[in-house]
Amino acid sequence: MAIKSPTPPRFSATFDEYSLAEIRRAASTGIYDIRGGGAKRKVPHFDDLLFLGASMSRYPLEGYRERCGTDVVLGSRFAKKPIHLKIPVTIAGMSFGALSGPAKEALGRGASTAGTSTTTGDGGMTPEERGQSSMLVYQYLPSRYGMNPDDLRKADAIEIVIGQGAKPGGGGMLLGQKISDRVAEMRTLPKGIDQRSACRHPDWTGPDDLEIKILELRELTDWEKPIYVKVGAARPYYDTALAVKSGADVVVLDGMQGGTAATQEVFIENVGLPILSAIRPAVQALQDLGMHRKVQLIVSGGIRNGADVAKALALGADAVAIGTAALVALGDNDPVHETEYQELGTTAGAYDDWHEGRDPAGITTQDPALAARLDPVKAGRRLANYLAVLTLEAQTIARACGKNHVHNLEPEDLVALTLEAAAMARVPLAGTNWIPGLQTF
Amino acid sequence: MNMIENEVSFDLRKNTLRDLNQALHDLSKTPGAKYWRVRNPDGAHAIAAGIKAPVTVNVEGHVGYYCAGMNQLATVIVHGNAGVGVAENMMSGLVHVKGDASQAAGATAHGGTLIVNGNASARCGISMKGVDILVKGNIGHMSAFMGQAGSLVVLGNAGEALGDSIYEARLFIRGSVASLGADCIEKTMGDKDKAYLAEKLKAAGMAGEVDVAEFKRYGSARQLYNFHVDNAGAY
Numbered sequence: 001m002a003i004k005s006p007t008p009p010r011f012s013a014t015f016d017e018y019s020l021a022e023i024r025r026a027a028s029t030g031i032y033d034i035r036g037g038g039a040k041r042k043v044p045h046f047d048d049l050l051f052l053g054a055s056m057s058r059y060p061l062e063g064y065r066e067r068c069g070t071d072v073v074l075g076s077r078f079a080k081k082p083i084h085l086k087i088p089v090t091i092a093g094m095s096f097g098a099l100s101g102p103a104k105e106a107l108g109r110g111a112s113t114a115g116t117s118t119t120t121g122d123g124g125m126t127p128e129e130r131g132q133s134s135m136l137v138y139q140y141l142p143s144r145y146g147m148n149p150d151d152l153r154k155a156d157a158i159e160i161v162i163g164q165g166a167k168p169g170g171g172g173m174l175l176g177q178k179i180s181d182r183v184a185e186m187r188t189l190p191k192g193i194d195q196r197s198a199c200r201h202p203d204w205t206g207p208d209d210l211e212i213k214i215l216e217l218r219e220l221t222d223w224e225k226p227i228y229v230k231v232g233a234a235r236p237y238y239d240t241a242l243a244v245k246s247g248a249d250v251v252v253l254d255g256m257q258g259g260t261a262a263t264q265e266v267f268i269e270n271v272g273l274p275i276l277s278a279i280r281p282a283v284q285a286l287q288d289l290g291m292h293r294k295v296q297l298i299v300s301g302g303i304r305n306g307a308d309v310a311k312a313l314a315l316g317a318d319a320v321a322i323g324t325a326a327l328v329a330l331g332d333n334d335p336v337h338e339t340e341y342q343e344l345g346t347t348a349g350a351y352d353d354w355h356e357g358r359d360p361a362g363i364t365t366q367d368p369a370l371a372a373r374l375d376p377v378k379a380g381r382r383l384a385n386y387l388a389v390l391t392l393e394a395q396t397i398a399r400a401c402g403k404n405h406v407h408n409l410e411p412e413d414l415v416a417l418t419l420e421a422a423a424m425a426r427v428p429l430a431g432t433n434w435i436p437g438l439q440t441f
Numbered sequence: 442m443n444m445i446e447n448e449v450s451f452d453l454r455k456n457t458l459r460d461l462n463q464a465l466h467d468l469s470k471t472p473g474a475k476y477w478r479v480r481n482p483d484g485a486h487a488i489a490a491g492i493k494a495p496v497t498v499n500v501e502g503h504v505g506y507y508c509a510g511m512n513q514l515a516t517v518i519v520h521g522n523a524g525v526g527v528a529e530n531m532m533s534g535l536v537h538v539k540g541d542a543s544q545a546a547g548a549t550a551h552g553g554t555l556i557v558n559g560n561a562s563a564r565c566g567i568s569m570k571g572v573d574i575l576v577k578g579n580i581g582h583m584s585a586f587m588g589q590a591g592s593l594v595v596l597g598n599a600g601e602a603l604g605d606s607i608y609e610a611r612l613f614i615r616g617s618v619a620s621l622g623a624d625c626i627e628k629t630m631g632d633k634d635k636a637y638l639a640e641k642l643k644a645a646g647m648a649g650e651v652d653v654a655e656f657k658r659y660g661s662a663r664q665l666y667n668f669h670v671d672n673a674g675a676y
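Quick note, the sequences are listed as chains X and P, same order.
The opening position of the first sequence corresponds to residue 1 in the working numbering, with each subsequent residue numbered one higher.
The opening position of the second sequence corresponds to residue 442 in the working numbering, with each subsequent residue numbered one higher.
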């Protein structure tokens, strides 16, 4: 008979429960884990910042009484027809294919009600989306799935996607089970195969080429549409500077907390920068070039509430984009589907196998029966409500800081709770006037 | 700008590229002259990009990047060499380069026909999505990389990694192939394939000029269409 150990079992901090399970899964399947969503590990984020608010040295504005502007103009550098958003929150690019038709329609309905734009994503523009989105940004992606000049002309802006926060340097992966007849036709690929999107554009390689590519897109659209350049947060100072050099009207900077339809877990969790650390270098690049507020900066990656919006703006962004939060607002990961989430081996709030096409909420699926569960009118209303709350919250904070427009928020309004956040956001550690780190990049 | 009956002549040393392209784009709203001459292109970029009208544009000289990009319906003839991405993402119509073409000729093009009398450089037909490309000379490496649909006919030789990660594009090479890319294989050339090739040659104005029996056909082995770990070494 074995002698029972006198000490309790002790698990390794390195080989924790999740790591052990992942090793077993890898050994069993022979392939890395692919999933949707975004980074789940905890990284420095906007929670590590606080607003100071007004007391003696600052004079606040009256909440619910005094006006606090929220509008933003995007694309004022070159475009004949800049985009004028009522709120500084936009909907990030999410493809038809990754999302169902009703989900795309709901995004359009909600955004239009709120006075903001949606963005297409990989795989082309759908009539539903163009029909429901009062302002639609057409993504120009490496794969060029469904890309055609008619849709470019129908768009209100063009976003050249170079990188995505969840996978800077990586391409997409839409597994065969989500490739319906319609998705396959739009992408000119056989039904049922894994659709691997390219990680780099096929006909240009660097910023000098991109400058010429942007010229072509401007010529194609008679210089009417703002040209956005989207990069994953990796080398934000240089990437922003080069985007400006290439002629971008707007730079979109996506942090590692940004979502993805599907990619390798190891990629999601280990490549790219938290958005908190990327905003100031990007703003610095714009300031060094004399282009801050002339080339607008949209930041994304883990925006959840009005405080996140206000903090991003205070650090120098002109607007934010939301993806994951928008899906949650529509109804993704809602506990109302808990029984079905459990049948899929997960739970509401943790469901991330968006690429498998079995989303009980009908949002990240191409299954007609599941997609029909989402009422695009009701879901659009929920999104509009959520966007309104984000805006109201940001306004509340801005007024408390004495600002009559959310764009008047500034780094001086912020302090950091941690050394890491102070260094990354370049604001003082709370209670001190100390900003750790060098002033060079 | 100089109008001679049904032809418009544009001199890019006297007029701007913007003026030229705007005039060509306006044809999709208000039809006008059917024939256009572009003089002194001097390697400018994006010449005749974004046309959507059944017109013929003769460009008298060398062009830079993205000439005739996203072309719809038009015939664009370059009497010289073309830079990177000529006829990129073309939807329909014809683009004919009388000289050589640089990289990414016909990249991602969904339809129409691209003819290059000379050579085309690397990545000719990259991510092609339905275009018919005919190159009378040689093509460079990684041509038809991730080619999804359409045909690539080459009378000369092909460089390394032809058809890497190819989907359903159909490749016909008369000369040598330096090497094939991942999942690209030589396929048998049956009567239907010969008829298909003959049709493409005829459409390019080369009916009877070359024997279809001199070509070899290449396409996808379809082994990498769905990821499997045992194929990981192929990537």
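These are calculated hints, taken from the structure and not from any lab test.
Any given hint could turn out to be false.
Label-pair ranges, simulated between beta-carbon atoms [to be verified]: (1) X:I3 to P:D671: 39 to 47 Å; (2) X:E410 to P:K475: 31 to 39 Å; (3) X:R25 to P:N558: 50 to 58 Å; (4) X:T29 to P:I626: 22 to 30 Å; (5) P:E601 to X:V389: 39 to 47 Å; (6) P:A675 to X:F15: 31 to 39 Å; (7) P:D452 to X:H84: 33 to 41 Å; (8) P:N672 to X:K245: 52 to 60 Å; (9) X:P368 to P:K475: 40 to 48 Å; (10) X:D33 to P:N672: 33 to 41 Å; (11) P:A675 to X:G290: 47 to 55 Å; (12) P:N672 to X:E410: 50 to 58 Å; (13) P:S469 to X:T29: 47 to 55 Å.
Keep in mind it's a predicted model, so treat the numbers as computed, not measured.
All residues carry an ideal CB built from backbone N, CA and C; glycine is no exception.
Quick rundown of the hints versus the structure:
For the pair I3 of chain X and D671 of chain P, the supplied restraint of 39 to 47 Å holds, since their beta-carbon distance comes to about 46 Å. A beta carbon spacing of about 59 Å between E410 of chain X and K475 of chain P contradicts the range 31 to 39 Å that was offered as a hint. Remark: the range hint 50 to 58 Å for R25 of chain X to N558 of chain P is upheld by a beta-carbon distance near 55 Å. Distance hint check: the CB atoms of T29 of chain X and I626 of chain P are about 28 Å apart, consistent with the given range 22 to 30 Å.
Between E601 of chain P and V389 of chain X, the C-beta spacing of about 56 Å breaks the proposed range 39 to 47 Å. As the Cβ distance of A675 of chain P to F15 of chain X is approximately 32 Å, the hint placing it in 31 to 39 Å holds. Hint check: D452 of chain P to H84 of chain X, Cβ distance near 39 Å, so the stated range 33 to 41 Å holds. As the Cβ distance of N672 of chain P to K245 of chain X is approximately 41 Å, the hint placing it in 52 to 60 Å is violated.
The hinted window of 40 to 48 Å between P368 of chain X and K475 of chain P holds, with their beta carbons roughly 47 Å apart. Distance hint for D33 of chain X and N672 of chain P: a CB-CB separation of about 18 Å, inconsistent with the stated range 33 to 41 Å. The beta-carbon spacing between A675 of chain P and G290 of chain X, approximately 50 Å, falls within the hinted interval of 47 to 55 Å. In this structure the supplied range 50 to 58 Å holds for N672 of chain P paired with E410 of chain X, their Cβ-Cβ distance being about 54 Å.
In this structure, S469 of chain P and T29 of chain X meet the distance hint of 47 to 55 Å, their C-beta atoms being roughly 52 Å apart.
Violated hints, in rising order: 2, 5, 8 and 10; the structure is consistent with all others.
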